[in-house]
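Asker: The chain contents come next:
2 protein chains.
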Amino acid sequence: MLKNDLLMRAAKGEFVERVPVWLMRQAGRVLPEYRATRAKAANFIEFVKNPELAAEVTIQPVHILGVDAAIIFSDILVIPEAMGLPYQMIESKGPWFEKTIKNAADIEALHIAEADDLGYVMQALQLTKKQLNNEVPLIGFCGAPWTILAYMIEGSGSKTFSKAKQFLYTQPQLAHRLLEKITASSINYLKGQVAAGADLIQLFDSWAGVLSETHFYEFSLQYMQQICDAISPLVPVTIFAKDAHYAIERIAQTSCSSIGLDWTINPHHARTQANGKTLQGNADPCLLYANETTIVKETHAMLKDFGKQNYICNLGHGLYPDLPKEHVKLFVDTVKAFTQY
Amino acid sequence: MLKNDLLMRAAKGEFVERVPVWLMRQAGRVLPEYRATRAKAANFIEFVKNPELAAEVTIQPVHILGVDAAIIFSDILVIPEAMGLPYQMIESKGPWFEKTIKNAADIEALHIAEADDLGYVMQALQLTKKQLNNEVPLIGFCGAPWTILAYMIEGSGSKTFSKAKQFLYTQPQLAHRLLEKITASSINYLKGQVAAGADLIQLFDSWAGVLSETHFYEFSLQYMQQICDAISPLVPVTIFAKDAHYAIERIAQTSCSSIGLDWTINPHHARTQANGKTLQGNADPCLLYANETTIVKETHAMLKDFGKQNYICNLGHGLYPDLPKEHVKLFVDTVKAFTQY
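Protein chains in written order, with the numbering used here: chain A, 83 to 423; chain B, 83 to 423.
Next comes chain A alone, as it looks inside the complex (with noise of 0.2 Å):
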């Protein structure tokens, strides 16, 4: 049914005869096009709830970049505010919240969210779903339910997180109670993702390296697994742990399908670990700023460090607003004529 289905076979470990490659935030203010559909909404959470606007950012780069999966413009934080926390993105600061996590009542006031609460996303997975045509795969995601936890405790973004942090050390039955609140929220969530049309789910735990080793598998592998376990036997389910280096192995047991590297990780290292599942990453995003050679020396690299089977190329982190796009085109057609495995 889909025209082009590399991603959905490199997920699933199946025969590729040429690496799929996305981009973190390749719908984003990288492109101008995305910059000229933003200045449509008054605000960022304007710009969220409008499925039409959502659906047009979404299909930009599969166009405009010739990337081989849409995935769904949206933010992890509409999940916190479909369980009661209302958030804003304030503009060069980033998301801050009025109010936050701070006892039981405040845990127990929280509203389970249903994905009928977050209509707007499926709307617009629905119209994106419509309007690609089959052409490419479209991607759905959460946070994970730590990242999540993290922003409703902290209020806002952080270097340490250690508000969130210190809740984990001195309240952890609550965090627990927190946590599987955010993760049925989050199961519902995705179930609707996947009716309105996602083939794919990645989950973003953004913040787990903050956390030590034992409280990454305490309070969030275990509940990312939860997701999983809901979620593969639908479509497959990609974990991506930002600096949890040390994981591989851990994550590669749950029912994932694939797993997000950031660029700190050695491809030769990922594999020993990943016990044959699929590799998802994972360059410097700052090699977009580099030279024409660079790119493509680098790129080539990388893609003879993972090998052609199961390997979805990205970078390890989303673009960053200032990448020259001729550099992100560059990267992905790179990508894509590369044969020297």
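Hints were generated in silico from the structure; no laboratory data involved. Source: prediction; values computed, not measured. Watch out, some of these pointers could steer you wrong.
Under the rule of at most 25 Å between Cα atoms (straight-line distance), these lysine-lysine pairs were calculated in the PhoX-like manner [to be verified]:
1) A:Lys241 x B:Lys245
2) A:Lys245 x B:Lys241
3) A:Lys245 x B:Lys411
4) A:Lys175 x B:Lys245
5) B:Lys175 x A:Lys241
Chain B side only, calculated, beta carbon under 10 Å to chain A, not exhaustive [to be verified]:
6) Phe243
7) Val292
8) Leu293
9) Ser294
10) Thr346
11) Asn364
12) Thr376
13) Gly398
14) His399
15) Leu405
Glycine included, every Cβ here is placed at the ideal spot set by N, Cα and C.
Position chain B relative to chain A; hints supplied.
Answerer: Same frame as chain A, but now just chain B:
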């Protein structure tokens, strides 16, 4: 000569009857006594440049917390200042440079710092050494050349240091020229610190973690190695490359005597990589938010994991200002009382 030389023996891999313990940022806001001394200076820069006040806060944790070493109170950014790039420390924002490095002319205009350019640090060390009366060793330090370059280019803290990384990708020759000048300045500075009384030197590569593995070796480790080669014939050197989880084996191949570890590193894994060198670390600072039972239990587990010999107990990062002082003291006391290795 030193009444308590546990740190020195552990750093050199010699037998210790008890594990030495000190804490990164022990001379800091976690102590009310520090905040009282800090209030005597008009701003952070004047505080750093006042040898009497610097000596006072350097010694405080030795008596208040009972740690086995003092670390001179200063800032890694005194090196850019001595080279010609002054900085300000902006409350709740961090460091800020009016002038940054943009091109070859900016780099050529930089001065190679001599120890005399940092006379106030030398005076603070001499004063501290005298007032410490050989109770415990005195640690000197500087930033790793890559971390210093990162601030010189970026002009402030950053989540991604993408400007500094862009410089490495687009101007590698200029980056090496700048790293050479920073390295030469750092060697002069550290030789002066040793002459002024530092018993051990720690290199802080605070932003190692934003680099890819190949960039870490090319732009960071080789310069730390040059510093080690110049300083290790004089006093032991510790390398702390935060978040460079893949690099322990390569760091162990330098002439450093000990290797600092952040809290994401598994102690047993580190032992297999460190080729017998001493390890330092690595409790999660947020552990000290927990209740007393948890602090004691987790600290005991860490001590057992690292073992008694070739080990310096510390956190995996600096103390956070809002950690309870009595919990910090409990951590130190727990390490000193533990015998069940």
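Asker: All hints are to be evaluated individually against the structure, with a verdict given for each.
Answerer: How the hints compare with the structure:
| no. | hint | in the structure |
| --- | --- | --- |
| 1 | A:Lys241 x B:Lys245 | holds (18 Å) |
| 2 | A:Lys245 x B:Lys241 | holds (18 Å) |
| 3 | A:Lys245 x B:Lys411 | holds (21 Å) |
| 4 | A:Lys175 x B:Lys245 | holds (18 Å) |
| 5 | B:Lys175 x A:Lys241 | holds (12 Å) |
| 6 | Phe243 | holds (9 Å) |
| 7 | Val292 | holds (9 Å) |
| 8 | Leu293 | holds (8 Å) |
| 9 | Ser294 | holds (5 Å) |
| 10 | Thr346 | holds (6 Å) |
| 11 | Asn364 | holds (9 Å) |
| 12 | Thr376 | holds (7 Å) |
| 13 | Gly398 | holds (8 Å) |
| 14 | His399 | holds (8 Å) |
| 15 | Leu405 | holds (9 Å) |
When held up to the earlier numbered hints, the structure conflicts with none and fits them all.
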